[in-house]
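These protein sequence lines are chains A, B, C and D, in that order. Just so you know, my numbering puts 321 at position 321 of the first sequence, and the rest follows in order with no gaps. Just so you know, my numbering puts 1130 at position 130 of the second sequence, and the rest follows in order with no gaps. Just so you know, my numbering puts 2149 at position 149 of the third sequence, and the rest follows in order with no gaps. Just so you know, my numbering puts 3258 at position 258 of the fourth sequence, and the rest follows in order with no gaps.
Treat the hints as calculated values from the structure; they're not laboratory data. As the structure is a computational prediction, the values presented were derived from the model and not from experiment. One or more hints might be untrue.
Straight-line C-alpha distance at most 27 angstroms; calculated DSSO-like pairs for lysine-lysine [unchecked claim]:
1) C:K2319 <-> D:K3313
2) D:K3284 <-> D:K3313
3) D:K3284 <-> C:K2251
4) D:K3319 <-> C:K2284
5) C:K2197 <-> C:K2313
6) C:K2284 <-> C:K2251
7) D:K3284 <-> D:K3251
8) D:K3047 <-> C:K2284
9) C:K2284 <-> C:K2162
10) D:K3197 <-> C:K2284
11) D:K3047 <-> D:K3162
12) B:K1004 <-> B:K1228
13) C:K2284 <-> C:K2313
14) D:K3197 <-> D:K3047
15) C:K2162 <-> C:K2251
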Amino acid sequence: MNPKQALETMLTIRRFEEAVVGLFGEHEFMTHFHLYIGQEATGVALMEALGPNDKIATHHRNHGHVLARGADPKHALAEILGRENGINRGASGTMHMADTDRGFLATSAIVGGSISLATGAAFALKTQGGDAIAVGLFGDGALEEGVSYESLNFAALWDLPIVYVCENNSEGALGSAGGGFPTSVSAVDDLTDIPRTFGIPVETVDGRDVDAVLDVAARAVEQARQRKGPFFIHVATARYAGSQPLWPTIATGETDISMAWDDSQISGEHERWYRENDPVLRYARQLLAAGEIDQDELKELDRRVRERIAEARQYALDSPRPAPDSALDHVFA
Amino acid sequence: MNPKQALETMLTIRRFEEAVVGLFGEHEFMTHFHLYIGQEATGVALMEALGPNDKIATHHRNHGHVLARGADPKHALAEILGRENGINRGASGTMHMADTDRGFLATSAIVGGSISLATGAAFALKTQGGDAIAVGLFGDGALEEGVSYESLNFAALWDLPIVYVCENNSEGALGSAGGGFPTSVSAVDDLTDIPRTFGIPVETVDGRDVDAVLDVAARAVEQARQRKGPFFIHVATARYAGSQPLWPTIATGETDISMAWDDSQISGEHERWYRENDPVLRYARQLLAAGEIDQDELKELDRRVRERIAEARQYALDSPRPAPDSALDHVFA
Amino acid sequence: MATKNYADAMLDVLTTFMEEDPHFAVMGNEVLGIGPEAGQFEPFQQKYGDRIHFPPCSEAAFSALAAGAAMCGQRIFTHLGLAPFSYPAFSTIASEIATARQGSGGRVSAPVTLHMSHGLLHGGASQHSESPMGIYWNLPGIEIVVPWGPADLKGLLRTAIKSDNPTLVITHAFGYGTEGEVPDEDYEIPFGEAAVKREGGDVTIVACSMMVAMSLEAADRLAGEGIEAEVIDLRTLVPLDEQTILESVSKTGHLVVADEGRLRCGVASEIAATVSERAFDALKAPPARVTRMDAPVPGNQTQEAYLSPSVEKIVAAAKRATRHAPAPA
Amino acid sequence: MATKNYADAMLDVLTTFMEEDPHFAVMGNEVLGIGPEAGQFEPFQQKYGDRIHFPPCSEAAFSALAAGAAMCGQRIFTHLGLAPFSYPAFSTIASEIATARQGSGGRVSAPVTLHMSHGLLHGGASQHSESPMGIYWNLPGIEIVVPWGPADLKGLLRTAIKSDNPTLVITHAFGYGTEGEVPDEDYEIPFGEAAVKREGGDVTIVACSMMVAMSLEAADRLAGEGIEAEVIDLRTLVPLDEQTILESVSKTGHLVVADEGRLRCGVASEIAATVSERAFDALKAPPARVTRMDAPVPGNQTQEAYLSPSVEKIVAAAKRATRHAPAPA
Ligand SMILES: Cc1ncc(C[n+]2csc(CCOP(=O)(O)OP(=O)(O)O)c2C)c(N)n1
Ligand SMILES: Cc1ncc(C[n+]2csc(CCOP(=O)(O)OP(=O)(O)O)c2C)c(N)n1
Ligand SMILES: [Mg+2]
Ligand SMILES: [Mg+2]
């Protein structure tokens, strides 16, 4: 993994999500949406560990996955705005982006959808031979849907080449009872007991730590590639404050990259976020400390990313909407 | 528990099922059905442990549960033959017998149905106060349906007063792959790991042993009654040879009670069944050995049971069928 | 009388049951949706928190839980969320709840009230935009309520919760904020009584839920062109008030059915078939169905609008119907 | 040509795909049902055992597994069992399989073949006796095949598995043993082509699956009374061959739809509505629906018979239709 590149991708995801919230505020799209802020390290490290032929099924919180896998932000933003030249011709919107050119199988907003479809991909990849693997990305809430247990049973029974990636963002979540966005409600204290029950090897990793995620992801992917059966990665992340309410906000403000070296303005309600939980700032500090990057390079990198997202934003806004009657184009092959 | 009475109920269930197979052979009913043979000890001991106000949801293999709870064989047989004076006015047939007077909540033939409905009963009983508990009876196969995991989660999360009774009859089953009746296909080596994952106390018990089942059932029921949360009983029984194929048979022949004291004719393919696995013969031998009953009493008991079932059979055959247009009587209240 | 929205009306009813019945419970997440009205839930939650349950994302089990509880006599208002989230519970609804009474010779009953939100969501895409009335109407054993307007919602919801039958209450996801005059006191609106929301002699427009509002708007436009439309709000699909529909059609001779669900085997098909069967001689023109087109809804407002029933489409259908020249005998 | 039953016909097709496609797989339990034909599976299993998978009782996951595999280009014939066992998989079918292509702007497709058995089972009760065609027909994005007769089954099943769309093949649980002349070679019957199984000029009887056989028997009886019925076997609901139906009705002027599903929002309602809408002027009498009555089926043969569509009911409906005296103009 090229650290600078990884940081750039993480920051790209961050700026992308900041742009998404802006566009929603400007009524450029009206539907419910979900931010990947706070989870960037997971997407970037995981995709780093995957090969070009691997298949991925993901869920409603998919923006970061699609971008980390290499999709162009301008096509992703165009998609969210429902434009003709979006990743899915404007038909999927924010919750269903499925970039099949990059191995995305399907993106389901039905909790339990991605874990079950990914299991099927693993079944096909095993049957077809070769060494491609399947990845199922889902949240902790998916472990409340019965179909997820059923799917784990299949993966274990039939030794399927799949890596399950559960992004647990419940820490600090309000949940429905708290009037916020729903979060995990489970009697299972340690969610890793669930895959363990089915005999699926599992590890918990700190989702704020790029290197840690890459390390476990690489081993998980290798095991599946070697056809040694499924692996379950439980990624623990602190929930982004802006993802606590029913509708996302940029609660911590637009990310100020200078916080990576300048402590002085870090304070207030979100101090802990800036210091410990923001995966982007964390990784930036780490690279600065290691001398992998210096302040000027970091500023330059940030400028480049801002510019790219600004261009993507304009591209999306300038893009044409699909013809109304194209609504019937893809009901059947 | 009165041992003689328990034995009589077990034998009643056995003779009842023998009569059911006979009636099917005579085309008195045509649907798929399921025998409780080999599991009599569980039903009898469990019902012994329950109180009059407890609620029970059971599944397709329900004959023994309904009889053990005290239903009159003649009403049960009339039900199976679809007669007006059956337990459910002839509308439920073999797979849905729901004797509400005896606390049966509902009897579902959808795998996963009874465990989920029973969980709801426990919710109501907890809300309503009092000390009544709910019991969910289901097979090992139910632990393949996602809804079962979801239900266990609810029971654990909300401390519901419920005893789950999983009758595992997979030992010796052929399963679908073997061309027989479907049986458990799970990657979970020890099914008790499933409730354990949700923090639900669980015990495995030998389903051929009346006393053992009664012992654990009594403790489980007491815990639920005291509102100390759910309990899961995993009952292990050997599968009855007649329940291996898709359609049940009396594979081991009509039960010869004299095998309880006379070894001489025990031989052949089913020797192990007669000696070790048949819960009725086992319990009869146990009571004989303990001097709780003697041969003559046992013969007399068997005669009484045969007579009762013969009468029930005649009663069922003589019973009227419901009026055809009663098919619309109970769609709505 | 006061001006209230759906959310107010729902809370009125739920509050009364909380007060009337010490065991009454509410189960579900985002019971008042995720729009601005969601906030109205908080004071209610404050007051009755111990009987308000926020289940895990396990629709199959929590609908079964509500059904099992109802079988024991407990009333639970159960909110499944958006209609597509009821699909993981489909087996529970179709095979347990709908069949409990008939399958037991009338001895078991599961009088649970299941609430879900339906409708097209301005780009919400197929997995959030179902209008499943046709699917559930094919399952006898469940009463189906499809109200429009807070006053009807209040009276019908009370009837639903009191009903000894399982009841499905399907309201529009965008309806929570809809306002109207709502009586303060409690009242019940009997099931099986459609409401003539507008009288007219030229064409009968049958609708439910939000399509009632569109049909009324269409009727106004039609009036401008000299066509008087009678607008019938079904209010409940099960039981269905056939009489009101048939009487209206025998008066107008023309039928338009407007439904937000899909065409094939949907509400519009059922009404059109029933009228054709029962009032054939009264019909002067083909019955017209105005529905969501038969395609999964893309997550795109432009495409969604194309697929959606609309005031324009209702107006056009009504005109076509009233101008139909019967074939020479 | 040889005399074969459904089971033979299915095995013919599955065998060809096993031979043609090294990755083709079969997944399901009791693929040939639990009747006498179940035994015919064994030699097939012997030969292709490594690609025949017996899943746990987890319909939601194994239908999703088949869909996910299909998204990766693997063809899997997936047997869900009896129709009610497809209900735990309803979310997978409705929200994933049906919507995959449209929701992705045509980039994703899930060309899975799902097979299930429907129908009344002589006392099998509601949880085993669903005929869910109406429910699934309300879900665009899935092709629906409802064959009758082993020859049609063979040709339609091959088309289904080859199709690049998700396909639901719904056969009658009592059909496995039904025999007929079946060509030995492989062939495909295109979707969307109904078959006129009997010609007649007085009344059109539209049916699918086992109701085709009942309709043909009814037609014979009607002929005895001088009424010539034309019997149309829909063969596929999606796509629907409207033309063949409409042409027949414009010839006969009378329509009877026979369906084993329920009345409300069922197949009969859809056909009746479509014909009323599209061939209104040709209809000389009200369209008649002969269906399963709207009640959960009790586990009782006497009551079941009362609820069931029958030859007698079809005959009576056809007579009523042809004798309808139109209202004086
Ligand atoms: C079957 C179903 N039920 C309910 C919902 C509503 N819903 C949308 S997101 C969500 C919470 C998901 O939590 P999690 O899986 O942890 O993902 P996160 O948003 O936390 O990343 C719920 C319940 C849904 N989409 N699908
Ligand atoms: C949802 C569902 N899927 C499939 C079936 C078919 N089926 C009937 S019984 C059975 C096996 C049940 O095994 P288990 O739960 O262990 O009960 P047992 O018959 O062994 O006592 C199956 C799969 C069903 N009834 N319901
Ligand atoms: Mg989460
Ligand atoms: Mg079993």
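Compare the structure with the hints numbered earlier in the document and write down the numbers of the violated ones, lowest to highest.
-> 1, 8, 9, 10, 12, 14 and 15
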